[in-house]
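Model the full assembly from the supplied sequences, consistent with the hints where possible.
From first to last, the protein sequence lines stand for chains Y and A. So the first sequence is numbered by the working numbering: it starts at 1 and just counts up by one. So the second sequence is numbered by the working numbering: it starts at 1 and just counts up by one.
Among the hints, a few may not be true.
For chains that are exact copies, the list does not tell them apart, and a pair is met inside one copy or across any two.
Said to hold, decoys possible - Distance condition first, Cα-Cα at most 20 Å in a straight line; then the derived PhoX-like pairs of lysine-lysine:
1. K55 x K583
2. K382 x K55
3. K203 x K55
4. K327 x K185
5. K438 x K327
It is worth saying that the hints were derived from the structure and are not from the lab. Keep in mind that this is a model prediction, so the values were computed, not measured.
Number of protein chains: 2
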Amino acid sequence: MHKGKAYLECLPREKTCKLWQDKLTAAGYFAKPPVEIVPVAQALGRVTAACTYAKQSVPHYNGSAMDGIAVRAQDTFGATETNPVQLTLLKNGQPFIAGGCYIVDTGDLLPTDTNAVIMIEDVHFAGNTAEIIAAATPWQHIRIIGEDIVANEMVLPEHHVITPADIAALLAAGLEHVAVIAKPKVTVIPTGTELVARAQDLKPGAILDVNSHMLCAAVATWGGEPIRHDIVPDNYELIKQAVERSLATSDMVITNAGTSAGTEDFTSRILAELGEVLAHGVAIKPGKPVILALCKGKPVIGLPGYPVSAMLTAELFVRDVLYQRQKLSIPEPEQVPAVLARQLYSHVGVEEFVRVSVGTIQGKTVAAPLSRGAGMISSLIKAQGMIAVGETSPGLPAGAPVQVRLFNRHQSDTLLAVGSHDLAIDVLGVFLKRQANKVLTAANVGSMGGIMAVRNNEAHIAGIHMLDDKSGQYNIPFVNKYLAQGTWQLVRLARREQGLMVLPGNPKHITGMPDLVREDITYVNRQRGSGTRMLLDYLLSKHGLACNAIAGYEKEVSTHMAVAATIVAGAADTGMGIRAAAKALDLEFIPVSHECYDIILNFPPDDEIAEIIITILQSPEFRQEVERLGGYDLAEAGKVLAVNNMQLGE
Amino acid sequence: MHKGKAYLECLPREKTCKLWQDKLTAAGYFAKPPVEIVPVAQALGRVTAACTYAKQSVPHYNGSAMDGIAVRAQDTFGATETNPVQLTLLKNGQPFIAGGCYIVDTGDLLPTDTNAVIMIEDVHFAGNTAEIIAAATPWQHIRIIGEDIVANEMVLPEHHVITPADIAALLAAGLEHVAVIAKPKVTVIPTGTELVARAQDLKPGAILDVNSHMLCAAVATWGGEPIRHDIVPDNYELIKQAVERSLATSDMVITNAGTSAGTEDFTSRILAELGEVLAHGVAIKPGKPVILALCKGKPVIGLPGYPVSAMLTAELFVRDVLYQRQKLSIPEPEQVPAVLARQLYSHVGVEEFVRVSVGTIQGKTVAAPLSRGAGMISSLIKAQGMIAVGETSPGLPAGAPVQVRLFNRHQSDTLLAVGSHDLAIDVLGVFLKRQANKVLTAANVGSMGGIMAVRNNEAHIAGIHMLDDKSGQYNIPFVNKYLAQGTWQLVRLARREQGLMVLPGNPKHITGMPDLVREDITYVNRQRGSGTRMLLDYLLSKHGLACNAIAGYEKEVSTHMAVAATIVAGAADTGMGIRAAAKALDLEFIPVSHECYDIILNFPPDDEIAEIIITILQSPEFRQEVERLGGYDLAEAGKVLAVNNMQLGE
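Okay, structure coming up:
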């Protein structure tokens with residue numbers, strides 16, 4: 001109702017970027033950035049504003065390049081082993097006489113009238129004379145003035161990023177100050193009546209302003225000097241004042257709308273009054289409501305309120321402008337080809353940007369899409385890269401080839417854990433980082449999802465806890481059934497308690513499974529394919545309970561912690577999960593079963609990492625750390641339960 | 001005499017690195033680095049000291065994910081287009097009644113007793129009722145508490161470098177402060193009686209302390225917090241005091257010896273008194289006199305005094321220690337294969353590190369060794385990469401395959417200019433950076449060297465000025481003779497004046513070529529193969545003068561500016577060169593000839609860069625800039641004089 005109607009026509013991203021670039025160029029924004037003079041010793045990483053020229057030569061005098069004697073070369077001509085030449089040792093400061101020499105150390109000023117140095121090793125001293133047995137070439141072993149840098153020569157070109165060695169060169173060339181391009185000042189204005197600055201002021205319905213800090217940090221990363229404005233409530237006049245004042249003192253202004261209705265419309269009206277709105281709405285997802293404006297010759301960008309949208313639009317419309325303003329070349333992102341781990345739907349008409357985990361599994365590089373909500377900060381911190389799904393695409397099937405834009409260059413260090421969620425996986429991640437410098441990223445898709453991910457070589461590690469009700473055996477029957485191919489091991493992680501979580505004091509007096517069908521009880525469930533869901537269904541059938549008699553059976557969340565959080569929030573009375581999750585959120589726990597939580601290690605035979613993981617699982621440090629979470633028995637951790645060495649295609 | 005004798009046995013680099021690493025590890029230096037607590041908003045780029053856990057869930061309440069109405073799902077069951085359901089609009093704060101609903105905006109707290117949101121687009125409002133034509137699924141369009149981050153869940157692992165998004169996540173999770181690893185404090189102590197701190201205090205024989213600033217900047221680049229100590233003269237007690245005091249307040253101490261004798265010996269004796277000297281002397285060049293010590297559990301490194309040695313040994317023995325201390329992974333340098341442009345001699349028994357220019361010419365990546373003197377700061381700023389020549393190698397022939405360790409990842413942007421030196425080449429470099437973002441690096445090897453470099457595809461650009469005394473023609477006869485193969489163009493750069501440079505006032509009254517053989521005149525020459533040398537020899541023979549009658553004919557330097565600097569230094573009375581060099585150093589200039597300075601552009605046919613260069617040469621801006629240097633006529637600049645399109649092998 002509130003949103004959408006105010007959008008100008010949504011342009012595609014590429015056209016918008018070009019328009020943005022062209023308008024800023026035409027406005028002269030990139031032509032003559034402000035310059036400041038800084039001491040050379042503090043100029044690390046700064047960009048030279050102009051070519052810099054040497055004020056003095058380096059070296060600034062003719063000096064000895066060796067320890068030895070300084071001589072006049074012509075006095076040494078004819079010296080041989082059989083016909084040595086004796087030179088008279090002169091004192092420092094004593095005027096030169098033909099056939100004389102001076103003792104010099106490396107770096108010493110060459111005495112007047114000498115023109116060569118003979119190394120100390122080649123001189124035989126006897127009393128007041130120095131005997132040599134070979135002639136010196138004129139100018140040998142002398143560092144002549146300007147040999148390194150000549151006065152007036154260019155030391156650094158313009159628009160050059162100053163390195164530690166450049167600092168040495170500038171100083172040596174007699175420059176104590178250098179003109180550099182001023183860091184662009186960027187004011188970030190968080191707007192929204194629902195925003196609060198500090199966690200202690202949070203009330204339900206209020207939103208903590210985290211974006212302004214994130215955006216300020218991003219601006220700093222891109223070479224700008226961020227200035228965080230205080231939160232401005234949704235008030236036309238106040239927002240206008242804030243933007244106007246910021247424009248006077250900044251090179252760029254960013255407003256970051258709250259997620260509530262209204263703010264964004266204010267912003268676009270205000271920017272149209274203060275200058276020209278070039279775009280309001282871009283055909284991208286997330287980030288569609290971005291506003292690009294040019295006010296008083298400066299870019300003003302209205303970024304949307306959700307963190308993922310704000311970050312993406314900042315990357316698209318702020319970063320390169322800052323680089324260009326600073327005359328820095330825009331870093332080319334590293335791209336890697338990968339296959340998509342899961343099907344990805346997309347909207348035709350918008351270009352979608354999806355953050356992904358990236359890992360190379362059994363030689364295949366896989367991109368696993370993360371949670372796509374524009375509000376999911378966790379997707380920002382878990383992502384190693386991003387893929388773009390074009391405007392005309394309705395989506396991509398699992399296994400589709402994609403180009404991943406990597407956020408940093410060490411994606412090979414990432415291990416993907418896909419499957420059932422357990423807090424012990426997080427602990428394993430900590431140990432892996434510590435012992436093998438590997439980053440573990442976890443996608444929680446349930447046990448069956450984990451098995452399928454291993455089957456498709458889309459996971460290094462899969463946590464599973466699946467009860468075969470016929471054999472009463474955990475996990476082994478399932479891996480044998482579904483994973484006949486491949487090279488993997490099934491390894492015990494823990495026996496753990498499953499139970500019903502309830503609020504402290506157990507206000508609804510829940511004692512076990514039969515209570516779940518009570519009319520006054522609401523339940524929060526786990527998704528199909530998860531081991532906990534399988535256990536629930538098994539226990540319900542064992543107790544002769546019907547699932548459609550449970551209020552909330554259809555409400556699915558995807559982790560133990562989410563079940564616990566739902567109960568804490570009062571959105572359900574109970575749900576099934578592990579004791580550690582209940583303990584983490586101070587819930588009471590009614591045990592209903594024990595189960596085996598094992599992990600599949602999907603690595604080539606004899607892979608070092610698989611060995612390291614097993615060693616970690618067997619270590620007392622890891623076991624203690626996990627058992628401390630509550631409800632775990634790690635006596636068998638690291639025990640190999642099954643091994644498969646069937647190469648695909650064999 | 002002074003140096004060398006104090007060295008312990010020189011170990012090879014690899015063994016030294018391992019010893020250094022092992023000793024520091026054994027001393028617990030990497031185990032528990034100091035930790036500090038910083039505000040999250042200021043933690044960009046810092047390294048988490050421990051795993052961080054969420055203090056609150058994100059979102060922290062169940063909220064609407066849409067603008068719409070909040071309902072109880074069961075009240076909507078059965079709604080269809082033909083059988084719509086009417087719900088009663090309730091006011092905010094009014095208690096829920098069955099069949100009621102509330103208007104909610106995105107982000108609003110979900111009203112008590114509702115459990116689903118229906119999008120505004122799907123609601124028909126009529127007076128006090130909201131009509132819907134489809135049932136709501138329980139929990140639809142609701143962001144439940146903890147959907148993004150659950151309280152007590154791990155937000156960031158330990159030893160993680162904090163990004164802008166991480167800042168958002170930590171703040172959202174209720175953390176206002178975070179424990180990070182303290183930046184290692186590194187005190188850099190410049191030692192040496194000959195050192196002065198400021199250029200204005202320089203006297204012949206004194207050396208400006210530039211290394212301490214370079215090393216401080218390098219420490220900052222590697223994440224440390226540098227502390228620059230004042231210069232300490234060569235005094236045993238003073239150096240000892242400085243090291244002891246610095247040890248008390250720092251995590252690492254670097255001493256940087258002056259290049260004069262003595263300092264380095266003091267350092268090694270002092271460090272042996274304060275702790276254990278692990279290595280004094282490593283079998284590398286440059287940088288052999290490095291000292292590695294462990295004092296009071298902290299690394300103390302004595303770096304040699306020459307800038308290139310200091311930088312190399314810091315890269316080898318300081319950088320990785322700082323990374324490890326901060327729990328940062330050590331960045332892998334990018335390596336590219338290349339062929340060596342010139343023969344490279346090396347000493348057996350030491351591993352030599354040679355800085356190189358790198359460029360890709362006609363598809364072939366070439367590494368051109370830069371000037372190897374340990375004192376050559378210019379080699380530090382010109383280098384794009386480094387090659388190592390192993391201990392057992394006596395050197396490498398031209399064309400040998402080498403691995404180049406790149407200093408940054410954009411080496412493809414480098415153009416190599418090899419050949420005769422002219423100041424106009426530097427100006428061309430400025431225009432190329434500005435217009436095509438290409439870095440031009442120049443190696444001055446004379447005209448013939450330039451032609452050979454083009455022939456071997458080791459230069460993109462070669463400046464030449466070679467007079468064919470038979471035809472009286474410049475340059476064209478030589479390219480036709482030597483460059484029958486290849487795809488290149490010869491392009492006019494300038495006509496320029498060559499002449500004799502003399503001190504202001506022309507104290508020796510030099511008027512022309514015949515004066516060169518006067519007994520009281522000393523000359524500074526250019527190297528064989530340079531156009532200026534060819535011109536000299538041509539003019540000498542024309543005047544019937546014998547070269548061996550010229551004092552200093554054998555003293556060769558490799559640029560016009562070096563000729564000028566030699567005269568300014570009083571090391572010669574005159575030398576031949578271009579007017580611009582004389583003007584740059586305020587020398588007088590006696591014109592003796594005009595000549596044509598042209599450049600060979602060695603690019604594939606229709607290469608964009610060749611076109612850009614020609615356009616630059618033809619532009620009034622470039623012409624004015626060069627003519628301003630003095631002695632140039634650029635009327636024909638950019639004129640194509642000869643073209644060759646003969647592919648190799650055709």
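How the hints compare with the structure:
Taking the shortest alpha-carbon separations for K55 and K583, only the inter-copy value of 14 Å comes in at or below 20 Å, while the best intra-copy value is 69 Å. When the C-alpha separation of K382 and K55 is checked against a cutoff of 20 Å, the pair qualifies only between copies, where the shortest distance is 19 Å, while the shortest distance within a copy is 51 Å. Proximity of K203 and K55 under a CA criterion of 20 Å is satisfied inter-copy only: 15 Å between copies versus 63 Å inside one chain copy. For the homomeric pair K327 and K185, the shortest alpha-carbon distance inside one copy (15 Å) is at most 20 Å, but the shortest distance between copies (32 Å) is not.
In the homo-oligomer, the alpha carbons of K438 and K327 lie at most 20 Å apart only across protomers (13 Å), although the nearest pairing inside one protomer, at 36 Å, exceeds that limit.
When the structure is compared with the earlier hints, no violation turns up for any of them.
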